[in-house]
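Visitor: Starting from the given sequences, assemble the full structure and let the hints guide the process.
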Amino acid sequence: MSERAKVLIVDDEPDVLLTLRMILEAEGFDPLLAADGETALRRVDEERPDLVVLDIMMPVLDGWFVLAELGGRPRRPAVVVCSAKSGESDRARANELGADEYVTKPFEPDDLVVVIRDVLARAGAQVA
Amino acid sequence: MDQLPVEISQRIRHEARIAGLNDHAPSIEMVERRRLQLWSLTIVVIVATGLTALAVSGATGNVSWITGQPMILAGGVAILAIGFGIYAFEKEVHLHRLSRLLVDERLLSNTMAKRLQMNTALFNAGKALNSVLDLDEVLDAILANALELLGGIGGCVMLLEDQRVLRVVAVRGEGVDADARIRLGEAIPGRVAQTREALRVPQAVATAEACATAPGFAIGGAMCVPLVNRGQLLGVLTVLAPESGEFEDEDLDILSLFAEPVAAAIAKAGLYEAERANVAKLLESDRMKSQFVASVSHELRTPITSIRGAVAASRRTDDPAQREELLDVVDRQSGRLQAMVEEMLVAARMQENANRPTMQPIDLCALVKLTALDSHVAGRTVELELPEHCMVRAEPEALRRVLTNLIENAHKYGLAPIRVAVQVADDQVVMSVIDRGPGIPPEERERIFERFYRVDPNGTKPGMGLGLSIVRGLVESCGGKVWVEEAPGGGAAFRVSLRANALTESHPEVVHV
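Heads up: the protein sequence lines correspond to chains A and B, in order.
For what it's worth, this note's numbering labels the leading residue of the first sequence as 60, then goes sequentially.
For what it's worth, this note's numbering labels the leading residue of the second sequence as 524, then goes sequentially.
Please keep in mind that the hints were generated in silico from the structure rather than gathered at the bench.
Note that CB positions come from ideal geometry on N, CA and C, so glycine has one too.
Wrong hints could be hidden among the right ones.
What the hints assert, rightly or not - Each pair of labels, with its calculated beta carbon distance range: (1) A/Gly-183 with B/Asp-897: 48 to 54 angstroms; (2) B/Glu-865 with A/Asp-89: 36 to 42 angstroms; (3) B/Pro-961 with A/Glu-167: 35 to 41 angstroms; (4) A/Arg-101 with B/Val-953: 41 to 47 angstroms; (5) B/Arg-846 with A/Asp-169: 15 to 21 angstroms; (6) B/Pro-964 with A/Glu-106: 36 to 42 angstroms.
What the hints assert, rightly or not - One-sided and incomplete, this derived list gives chain B residues near chain A with beta-carbon spacing under 10 angstroms: (7) Ala-833; (8) Val-834; (9) Ser-837; (10) Ala-889; (11) Leu-893.
Said to hold, decoys possible - With a straight-line Cα cutoff of 25 angstroms, these simulated DMTMM-like cross-link-like pairs (lysine to aspartate or glutamate) come out: (12) A/Lys-65 with B/Asp-842; (13) A/Lys-65 with B/Asp-841; (14) B/Lys-935 with A/Asp-95; (15) B/Lys-935 with A/Asp-71; (16) A/Lys-65 with B/Glu-848; (17) B/Lys-935 with A/Asp-104; (18) B/Lys-935 with A/Glu-155.
Guide: Following this line, the structure appears as structure tokens:
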């Protein structure tokens, strides 16, 4: 299969969404965008992405809620939490809730791409 | 009584030796016994002499039954009697002196015992002052000592509040109304506080005039002394006598001695309390600064993420339109970083108190309209409720920043519609920024203006906790006040009150005649 891996980027910051979309597109992924938790969950259900890049601090439904909700889904996508929260407790919590990786903002975009590839490879999904 | 104890005891020993008392420390009882013996002997001698004289006179007519030479015998007896009389008189003089000295000594030792007791009490008071730094404990210890020494039934320390009212801060024993509040110049404590002179009042006066006495409690008199430290009146110390007793003038002197350590204790403990409060404040400020550093580093992360993302993305594309878009991201996010740095600088400058605005009359309504326009451009719309004109005295740049911060906050934490209203009442102008959000809980309404304070530090809303502290600093530098209350119908209403500035200032004209 030559289908590109679908990556849903969830962040309430439009400029983060914009730059990540361009980078992931250039790296051969199929990026989807969501600016809040509610949209993120809907797009997960509708478009079944292979991986979710998830911000934590968002209004209305935050990343923790989304992460917990995803845990209950039958076909749960891989999750890379991408947050400005850098505490050990946040990392542990993400791990507990089933996140595959935890990346702290600000990150080196190239590193994020590497992490995404790794996680997708582990999940057995098709890597672009 | 004004002789030294050593001198008295030396004289006692001297007199005792002369009086034939070999004891080094004779008692009044011993002296009296010796006097009794002396006088008994004297009486015996007189009686004996009398009988002899009688016998001799009887013998003048008859034949003497003793010697037969009556005149010689009588003369001998008389000389003996006179000699004994002189001896007895001399002894009596010394015994009398000795007895007086012993009485003096006893009085002196009583006084000394009392002084010692007083010194002990004062020493204890001083010890309490030095060992315990909690004001309540110090005052309690000193009151306890004063009551014990003076035999008072109850006592209290009252401190002066707002230079007008005396309030009870420490109570010991019975009969004191712990809630008593006495105005300066009223009742006994109030009068003492006003005149700064110690006062002792008898039962009738103490009962008629309140002495911070519990209603219906019978006392036998009262004393009240002012508490002065370094020339400053701090309060009064009051002691009540039991119904059965009354105080003496001497007691008032003693109570006055207690006033000094009490005043010192209050001053010292006050300093200590202030120091403790200061330390707590510093710790809290330190905690908030750590929080601030966390918030700032967190706040800086988002724009940096976007900028680095934009750079990484632009390296992956040759499309000029995309590159332009990414340059916009860099521009926007670096602007955001700059604004944050500026905000921190404003806060730091305010802290140093170096930010002295230049006050001038400005039309608040015009300023609100301009700021609202800027907000609108930045995507934060506001509704306006303004009068035609409204002149206030303020620094325009400060006021613009205040309004911008409040509108930003309303959009960040509240819900639309955001309204900005200006109302004029007498000489005050109130500018309100009102949102329809959840509002601010009453217990947070004061704290949100503190530097680095955030209602929900781990919440999902970004922020450094500086915005409102900057608002308050700027409003106060313009001589105004800012506070938050619940908006009618729900939501938060941030209000800024400023002094109105009359359009035309009236200058009194100088008239030359």
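Visitor: Could you run down the list of hints and mark each one as holding or not?
Guide: Hint by hint, here is what the structure shows:
{"no.": "1", "hint": "A/Gly-183 with B/Asp-897: 48 to 54 angstroms", "result": "holds (53 angstroms)"}
{"no.": "2", "hint": "B/Glu-865 with A/Asp-89: 36 to 42 angstroms", "result": "holds (40 angstroms)"}
{"no.": "3", "hint": "B/Pro-961 with A/Glu-167: 35 to 41 angstroms", "result": "holds (38 angstroms)"}
{"no.": "4", "hint": "A/Arg-101 with B/Val-953: 41 to 47 angstroms", "result": "holds (45 angstroms)"}
{"no.": "5", "hint": "B/Arg-846 with A/Asp-169: 15 to 21 angstroms", "result": "holds (18 angstroms)"}
{"no.": "6", "hint": "B/Pro-964 with A/Glu-106: 36 to 42 angstroms", "result": "holds (41 angstroms)"}
{"no.": "7", "hint": "Ala-833", "result": "holds (5 angstroms)"}
{"no.": "8", "hint": "Val-834", "result": "holds (8 angstroms)"}
{"no.": "9", "hint": "Ser-837", "result": "holds (8 angstroms)"}
{"no.": "10", "hint": "Ala-889", "result": "violated (33 angstroms)"}
{"no.": "11", "hint": "Leu-893", "result": "violated (27 angstroms)"}
{"no.": "12", "hint": "A/Lys-65 with B/Asp-842", "result": "holds (23 angstroms)"}
{"no.": "13", "hint": "A/Lys-65 with B/Asp-841", "result": "holds (24 angstroms)"}
{"no.": "14", "hint": "B/Lys-935 with A/Asp-95", "result": "holds (15 angstroms)"}
{"no.": "15", "hint": "B/Lys-935 with A/Asp-71", "result": "holds (13 angstroms)"}
{"no.": "16", "hint": "A/Lys-65 with B/Glu-848", "result": "holds (23 angstroms)"}
{"no.": "17", "hint": "B/Lys-935 with A/Asp-104", "result": "violated (30 angstroms)"}
{"no.": "18", "hint": "B/Lys-935 with A/Glu-155", "result": "violated (31 angstroms)"}
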